[in-house]
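Asks: Okay, here's what each chain looks like letter by letter:
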Amino acid sequence: MRAVADYSIEPGGDGGATLSFRGPMVVWGIGAMDRRLRDLDEKVAKVDLSQVESLDTVGAWTAWRVARDNDAEIVGASDEATKLIEAVKASEGKGEIRPGRGNLAERVPEAVGEMVSGWGEGSKGVIGFLGAVVVATGSVIRHPRRFRMKSLIRQIELVGVSSLGIIGLMSFLIGIVVAQQGAVQLQQFGAEIYTINLTGRLCLRELGVLMTAIMVAGRSGSAFAAQIGTMKLTEEIDAMRTIGVSPMEALVLPRILAAVLMMPLLGFYSSVVAIIGGAFIANFALDIPFMTFLTRIQEVVPIHDLWVSLVKAPVFGLIVALAGCYNGMQVKANAEEVGLRTTAAVVMAIFMVIVLDAFFAIFFTEVGWA
Amino acid sequence: MNETAAPPVEALDLNLEEFTGKHPICVRGLKTSFGEQIVHEGLDLDVRKGEILGVVGGSGTGKSVLMRAIIGLQTPDEGEIEVLGRSITGAQDDDDIDIRSRWGVLFQGGALFSTLTVAENVEVPLKEFYPEISPALMDEIARYKVVLSGLPEETTSKYPAELSGGMKKRAGLARALALDPELLFLDEPTAGLDPIGAAAFDNLIVELKQALDLTVFLITHDLDTLYEICDRVAVIADQKVIAVGTISELLATDHEWIQEYFNGPRGRAAKTTKDRLDAKDRPGERQAKPVDTPAKAGA
Chain A
1 MRAVADYSIE PGGDGGATLS FRGPMVVWGI GAMDRRLRDL DEKVAKVDLS
51 QVESLDTVGA WTAWRVARDN DAEIVGASDE ATKLIEAVKA SEGKGEIRPG
101 RGNLAERVPE AVGEMVSGWG EGSKGVIGFL GAVVVATGSV IRHPRRFRMK
151 SLIRQIELVG VSSLGIIGLM SFLIGIVVAQ QGAVQLQQFG AEIYTINLTG
201 RLCLRELGVL MTAIMVAGRS GSAFAAQIGT MKLTEEIDAM RTIGVSPMEA
251 LVLPRILAAV LMMPLLGFYS SVVAIIGGAF IANFALDIPF MTFLTRIQEV
301 VPIHDLWVSL VKAPVFGLIV ALAGCYNGMQ VKANAEEVGL RTTAAVVMAI
351 FMVIVLDAFF AIFFTEVGWA
Chain B
1 MNETAAPPVE ALDLNLEEFT GKHPICVRGL KTSFGEQIVH EGLDLDVRKG
51 EILGVVGGSG TGKSVLMRAI IGLQTPDEGE IEVLGRSITG AQDDDDIDIR
101 SRWGVLFQGG ALFSTLTVAE NVEVPLKEFY PEISPALMDE IARYKVVLSG
151 LPEETTSKYP AELSGGMKKR AGLARALALD PELLFLDEPT AGLDPIGAAA
201 FDNLIVELKQ ALDLTVFLIT HDLDTLYEIC DRVAVIADQK VIAVGTISEL
251 LATDHEWIQE YFNGPRGRAA KTTKDRLDAK DRPGERQAKP VDTPAKAGA
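Protein sequence lines correspond, in order, to chains A and B.
Going by this note's numbering, 124 is the number at position 124 of the first sequence; the sequence numbering is gapless.
Going by this note's numbering, 249 is the number at position 249 of the second sequence; the sequence numbering is gapless.
Isolated chain A, as found in the complex:
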């Protein structure tokens, strides 16, 4: 154990005691003594530094603080010590360490209020952002040269091509689960042949597009938010603006367009792979031959199921990309916000996709595409 700073008190007559420090009055040796000093009740008239071995600013500060609080005089300080004490004395600050926090009774309603108004502001912001996207689209249509084809192709690759593997695997497994679990239930009525109807219609109409949208939100929506958010932090977006490049046209439009274009393809691909997964498990578990399964699909799945999914897919793509880009653009202060906004982008996207999916389900049934 190393030597640490300490002090002793000699009672004095008239004004008060003399407090003598000894040992190394430096940052690594002062912690324990400082705690005891703060409990000191005695009145100190003199602070003696003559036995101090070494002194840094923390030691100088402690000595000066004791002297200040007791209105005491510092004696026995070397020239260097005096200089240090003068330096910290001149540097005394009264600022707050962190912005003040109100009490709980104020903070809770404040947080709730901020959340509610945040929803309001948020929805207004998203609608405003959608408007800005429409305006940007209009200006790109009027000036087609400004369209960033390279950027679009790159995003198509990122959103579409590179997600084929994971979406394929996911869909294949979902197809297996739907067919197998459906068959177990339908067997009770001796109707396992309807597994084909179940798998085909469910995957093509609902699951394919929905699961793809969720996957794209997790893969690409989050990437959009994090990427654009970081670019905002590093002032890249400001730099773009000053050069005359509109971030809406250069960053947001290609991403949104890529998601809108890729979602129908990915959704359809997902449905097809899910049906193959169903056929695969039916071949082994239900003794329905693979080809029979696929042929029956053509007979039992109405073509409007395909239209339903193809109508929904670009809308979902728009929502996912919009949520990602919007949240990325909202980043202002620090690295933590990038994380929060990325989370918000994914949550917002998945939530809105499911809400709209419910709406579409009822809508298409009502219009006769049951």
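Hints are computed from structural coordinates only; laboratory data are not their basis.
Not one of these hints is a red herring.
Only some residues are given here: those of chain A computed to face chain B with a beta carbon under 7 Å: (1) V88; (2) K94; (3) I97; (4) A335.
All C-beta atoms, glycine included, are put in the ideal place defined by N, C-alpha and C.
Based on the hints, put chain B in the right spot on chain A.
Replies: Relative to chain A, chain B alone:
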């Protein structure tokens, strides 16, 4: 009071053996590279105790890389680096942790933790190395370090995003000084500061060096800083330190780059200022009357 509120935390068992040698930083035969690109090869450098060593070199000659190698952020391909008598190159992460409590580093952009206030930033190293210090003293230290670094006292509760570039540098300096280090590494501290601010920063470093007995490793392109505060200057070129010495010693060499560097228009202007100020023999002049420093204004 604090003892009853929270039991005092045990002090970490740091090895704080006093460094008695002459050269707190010793670099021998350093080689660093990024893939094919060799940054340093056979680089030697000694930093003397208690000096301010300026490090200069053209852009891309690896000044910052050298600093990163010395503080252990960049693993060199070959060579030995000793800081305060202990090897950095041979050290495992946990072995050299005590050395880290004895240096302070100011990065180019300040590198403040963006989710913490300035004062909390200053408290981070204190909490890390000296958990036994009471929160009250911790806050007091943070406050005076912030003011000592030349920031207004109310800056303590601000977040880095609310600060200007110069203020971020000062806040970074406050954090670098948090532990009263023996060694201070500064990466272009005055770049991007206005002439008055830069001169004040120079003075601040000299004052701190004298008061705290610091050894300073200073990367800079600021000729005024070199003339005003550096005891010696090390020149990096051709992947090694080609010369170390006072500026007059460097001027006596006939290396083309050194001549161009110090005898270019900016170098001459900085020298003129320095000579004029020396003639007046009033070192505080630069800060008090920035109008008298055409070099700064013109630089």
